[in-house]
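With the sequences and hints as input, model every part of the structure.
4 protein chains.
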Amino acid sequence: MWIEENNQLKRKFQFVDFVEAFAFMTQVAFAAEKQGHHPNWSNVYNQVEIALFTHDANNIVTDKDRKLAVLIDAIYDKLAS
Amino acid sequence: MWIEENNQLKRKFQFVDFVEAFAFMTQVAFAAEKQGHHPNWSNVYNQVEIALFTHDANNIVTDKDRKLAVLIDAIYDKLAS
Amino acid sequence: MWIEENNQLKRKFQFVDFVEAFAFMTQVAFAAEKQGHHPNWSNVYNQVEIALFTHDANNIVTDKDRKLAVLIDAIYDKLAS
Amino acid sequence: MWIEENNQLKRKFQFVDFVEAFAFMTQVAFAAEKQGHHPNWSNVYNQVEIALFTHDANNIVTDKDRKLAVLIDAIYDKLAS
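Protein chains in written order, with the numbering used here: chain X, 1 to 81; chain Z, 1 to 81; chain E, 1 to 81; chain U, 1 to 81.
Just so you know, the hints here were simulated from the structure itself, not pulled from any lab data.
From a predicted model like this one, the values you see are computed outputs, not experimental measurements.
C-beta: ideal position from N, C-alpha, C; glycine also.
Take these hints with a grain of salt, some might be off.
[What the hints assert, rightly or not] Facing chain Z, from chain X, some residues (calculated, C-beta under 8 Å):
| id | residue |
| --- | --- |
| 1 | Val19 |
| 2 | Thr26 |
| 3 | Gln27 |
[Stated by the list, open to error] Derived DEER-like restraints, expressed as beta-carbon distance ranges:
| id | chain 1 | residue 1 | chain 2 | residue 2 | range |
| --- | --- | --- | --- | --- | --- |
| 4 | E | Asn7 | X | Glu49 | 23 to 33 Å |
| 5 | X | Val44 | U | Arg66 | 16 to 26 Å |
| 6 | X | Gln47 | U | Gln35 | 14 to 24 Å |
| 7 | E | Gln35 | U | Asn6 | 20 to 30 Å |
| 8 | Z | Ala57 | X | Asn6 | 52 to 62 Å |
| 9 | U | Asp63 | X | Lys64 | 25 to 35 Å |
[To be verified] Residues from chain E that face chain U, not an exhaustive set, calculated with beta carbons under 8 Å:
| id | residue |
| --- | --- |
| 10 | Val19 |
| 11 | Ala23 |
| 12 | Gln27 |
| 13 | Phe30 |
| 14 | Gln35 |
As structure tokens, then:
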């Protein structure tokens, strides 16, 4: 689940392997681009960490972040089901 | 399911939308590159058609195609579950 | 260059290898999704064929297609430079 | 250029926008998967930071990392040319 701390909305995701993790990232990339709101994220092998906050709002968590988080969860839930 | 006709192994796949179709294609692209064996494929919106045959074997269906088909099915089954 | 025939705007693109072709497709996919207008396209190894027409306008070439063609050219020109 | 510090080989890459950054990441993902050696990397908007080290060799920089770095540079040089 997402944790809000230090003005960031954060969640870690785990996948079977690198290819599945990157397929997840590809779908998230499309969602982010469509929203015009992009994540801070990192990946190593099958793990993806995402931190959401809004640069244009002095780096706090805004509704843009909460909306993107919901979209990311929907992508993950479908992939991981 | 895959149909074998005219020396090609063919299957049509359908997804919710373009982004999901392209995420499928991304995973298939990784599998193909890893096998060193690439599909003939087309996409329009949420539909992907794949035709497999082996150029180096006079354009007939070989074990390389059957192996890639199995990998593609596994990707699809997981995405569409 | 793009050729307009049979109410389709068509162009063939060639790349060094499959990975470069698929990287091109990924960028085109983002452009298409952003425009809400998607190509009919096919790929085999290092070749990509794109056909543009507008389903909602009785399958003729419209300004939506011409706009997407310009975006695709910009992606290709940068990749192939 | 790559900097080696704290047993990591690191480089920052900058692109025109998010889509170009993600297209770069897609090509790097293919190279990494082909090598069976994956980066630690992060992205925010048009910036990508990559850190390479070898988990199986007690987290130091090995030839696997140097080889992947060369492949990543070739991808970047072509995209950014």
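Now the hints, each set against the structure:
| no. | hint | in the structure |
| --- | --- | --- |
| 1 | Val19 | holds (5 Å) |
| 2 | Thr26 | holds (5 Å) |
| 3 | Gln27 | holds (5 Å) |
| 4 | E/Asn7 with X/Glu49: 23 to 33 Å | violated (48 Å) |
| 5 | X/Val44 with U/Arg66: 16 to 26 Å | holds (18 Å) |
| 6 | X/Gln47 with U/Gln35: 14 to 24 Å | holds (19 Å) |
| 7 | E/Gln35 with U/Asn6: 20 to 30 Å | violated (44 Å) |
| 8 | Z/Ala57 with X/Asn6: 52 to 62 Å | holds (58 Å) |
| 9 | U/Asp63 with X/Lys64: 25 to 35 Å | violated (43 Å) |
| 10 | Val19 | holds (5 Å) |
| 11 | Ala23 | holds (5 Å) |
| 12 | Gln27 | holds (5 Å) |
| 13 | Phe30 | holds (5 Å) |
| 14 | Gln35 | violated (13 Å) |
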